[in-house]
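Read off the chains here:
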Amino acid sequence: MADSSSESDTFSALYETTVAPLKRYLARLLGNTSEAEEVAHDAYMRIYQKPAENPQALLYTTARRLAINRLKRRDISPVAPTDAGIDRAATRTPSIPDQVAARQEWDLLQTAIRDLPPGCREVLRLRKVELLSHREIGEQLGIAISTVEKQHARALRLLRAALPPETRDNLFSS
Amino acid sequence: MTSDSSSFSRDIDEQASLWAARLDGSDLSNAQCAELDAWLAAAPEHRDALAEYTTIDAILEEHLSADIEAPAVALGPPNQTAARSRPRVGWWWGAGLAAAAAVVIMLSTERPGTVSPERIATAIAQRQSVELSDGTAVQLNAHTNLVFEATSTTRRARLGGGQAFFEVDKDPDRPFIVDTPLGSVRVTGTAFDISTLTDDAITVTVTEGSVEVRLGEFNHQSPVAPIRLQAHDQLLVSRGQTNLRQLSAEALADEMAWRDGYLVVDDMPLAEVLVRFAHFHGRGISAAPDVARLSLSGRFPIDDLDAFLLGIETLHPVRVLRDQSGTIRIVSRS
Numbered sequence: 001m002a003d004s005s006s007e008s009d010t011f012s013a014l015y016e017t018t019v020a021p022l023k024r025y026l027a028r029l030l031g032n033t034s035e036a037e038e039v040a041h042d043a044y045m046r047i048y049q050k051p052a053e054n055p056q057a058l059l060y061t062t063a064r065r066l067a068i069n070r071l072k073r074r075d076i077s078p079v080a081p082t083d084a085g086i087d088r089a090a091t092r093t094p095s096i097p098d099q100v101a102a103r104q105e106w107d108l109l110q111t112a113i114r115d116l117p118p119g120c121r122e123v124l125r126l127r128k129v130e131l132l133s134h135r136e137i138g139e140q141l142g143i144a145i146s147t148v149e150k151q152h153a154r155a156l157r158l159l160r161a162a163l164p165p166e167t168r169d170n171l172f173s174s
Numbered sequence: 001m002t003s004d005s006s007s008f009s010r011d012i013d014e015q016a017s018l019w020a021a022r023l024d025g026s027d028l029s030n031a032q033c034a035e036l037d038a039w040l041a042a043a044p045e046h047r048d049a050l051a052e053y054t055t056i057d058a059i060l061e062e063h064l065s066a067d068i069e070a071p072a073v074a075l076g077p078p079n080q081t082a083a084r085s086r087p088r089v090g091w092w093w094g095a096g097l098a099a100a101a102a103v104v105i106m107l108s109t110e111r112p113g114t115v116s117p118e119r120i121a122t123a124i125a126q127r128q129s130v131e132l133s134d135g136t137a138v139q140l141n142a143h144t145n146l147v148f149e150a151t152s153t154t155r156r157a158r159l160g161g162g163q164a165f166f167e168v169d170k171d172p173d174r175p176f177i178v179d180t181p182l183g184s185v186r187v188t189g190t191a192f193d194i195s196t197l198t199d200d201a202i203t204v205t206v207t208e209g210s211v212e213v214r215l216g217e218f219n220h221q222s223p224v225a226p227i228r229l230q231a232h233d234q235l236l237v238s239r240g241q242t243n244l245r246q247l248s249a250e251a252l253a254d255e256m257a258w259r260d261g262y263l264v265v266d267d268m269p270l271a272e273v274l275v276r277f278a279h280f281h282g283r284g285i286s287a288a289p290d291v292a293r294l295s296l297s298g299r300f301p302i303d304d305l306d307a308f309l310l311g312i313e314t315l316h317p318v319r320v321l322r323d324q325s326g327t328i329r330i331v332s333r334s
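Taken in sequence, the protein lines are chains D and W. Okay, so the first sequence: first residue is 1 according to the numbering used here, each after it adds one. Okay, so the second sequence: first residue is 1 according to the numbering used here, each after it adds one.
It should be emphasised that the hints constitute simulated quantities derived from the structure, not laboratory data. Among the clues, some could well be false.
[Stated by the list, open to error] Part of the chain W face toward chain D, derived, beta carbon under 10 Å:
| hint | residue |
| --- | --- |
| 1 | Gln-15 |
| 2 | Ala-20 |
| 3 | Asp-24 |
| 4 | Gly-25 |
| 5 | Pro-181 |
[What the hints assert, rightly or not] FRET-style restraints, in silico, Cβ to Cβ:
| hint | chain 1 | residue 1 | chain 2 | residue 2 | range |
| --- | --- | --- | --- | --- | --- |
| 6 | D | Leu-141 | W | Pro-301 | 50 to 60 Å |
| 7 | W | Glu-313 | D | Lys-50 | 49 to 59 Å |
| 8 | W | Thr-198 | D | Ile-68 | 22 to 32 Å |
Positions of the beta carbon are idealized from the N, C-alpha and C atoms, including for glycine.
Can you make the complete structure from the sequences, with help from the hints?
As structure tokens, this is what we get:
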């Protein structure tokens, strides 16, 4: 494995050799190329500068988990058939940020994340950054899945509550 | 979503957030699925609450990866200052992040032929001109996000909402592709404009050369055949309907007037004009159904929303209502 002194060279080399097969792999998983592009891009960003013995394996694991989360959200989308907002949000996040322009909203969310209770924040990080499932998080932290679920839910409640109602309207209305 | 949504009862709040968490991070058992169905069926606000939480949850995955981590991991040698903070991949949030000014963030050290995504975002009520690393000149309208990535074989830009005018340097070996949520536009060397102000509509206008538009999977439909556009062609896609038309030189100039800060319209329904102002200013502006079709013509300085509103109030039988959150609604005066 290349040493870390040529971090960006290594990354570039990894990118060059993996980008085409990774996108094909993702396109097969997701059934379309545009989402495959997005997930691939997201995966590279996430593994960039992340220490790994086998960066390519990490890349594929990350990409696969991101793709599966997307597929899951497609399944969730019928949850709100009457509301175009969630439908788009669940399958295709692009539409939401159309509404989200002001910097304050982003800052509020960032502050709220910083202020989460440590346990809550760690669960959220393991789920959203490390992309671990609730079961895996439970194993890693040595806590019950139901506790993981509750911490995750609590993080969502605290973050939602941290956004003032008009900001939420911006986030959710169409 | 209505403003009621901010006042779910505590119980609904807890249930909804828990279901959103489970839907995201666990695999529901059959019993849990039945339980969820029953809970959703019990009251309509359950569904609204769950929808809010699944939305928040989805946003978190897409956009928080960079923030929640401790920033300075300091892996590389100390001189690698280019890696100060991990650039965020969530370009859809770009306008908010870069609200102060348009910015360009380089991902890795600049080396020709290697990966170099560039992120450019304009804030609301701002326009910006930039030159991409391949020499392509781009003008971005307000509230527009663009990510550009060049490799030895392609040049790829992702337009995440907003409007941009591209003057692409000719390079037959490296096609220039603009991806949008609704499809992609492929060119070799040309000048064209893409506008995608709402997420179900896109307009591609070609001023020079030709481009090829591949519409993507609207709601997972199979892609349609590529559409070839020549100079003066304009392709409008809205809610799955496509419409190709040829613009006169004058009409083309009108379409491109945004680059000088003007919105020029000729017999355009009020609602459509409002979409443009709303996007530029990053505010909710809407028209009541009975005035939405009111036809407008004129040349409006897009920066000056108040003048525009005053103008339509003066010239048309409408009234402009503003609420405290800054949302504007236009209603019939009667």
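Now the hints, each set against the structure:
1. Gln-15: 9 Å, holds
2. Ala-20: 6 Å, holds
3. Asp-24: Hint on Asp-24 of chain W: holds, closest Cβ of chain D at ~7 Å, below 10 Å.
4. Gly-25: 4 Å, holds
5. Pro-181: Status holds, d = 5 Å.
6. D:Leu-141 <-> W:Pro-301: 50 to 60 Å: 57 Å, holds
7. W:Glu-313 <-> D:Lys-50: 49 to 59 Å: With a Cβ separation near 56 Å, Glu-313 of chain W and Lys-50 of chain D satisfy 49 to 59 Å, so the hint holds.
8. W:Thr-198 <-> D:Ile-68: 22 to 32 Å: Check passed, 29 Å falls within 22 to 32 Å.
When each numbered hint is compared with the structure, no violation occurs for any of them.
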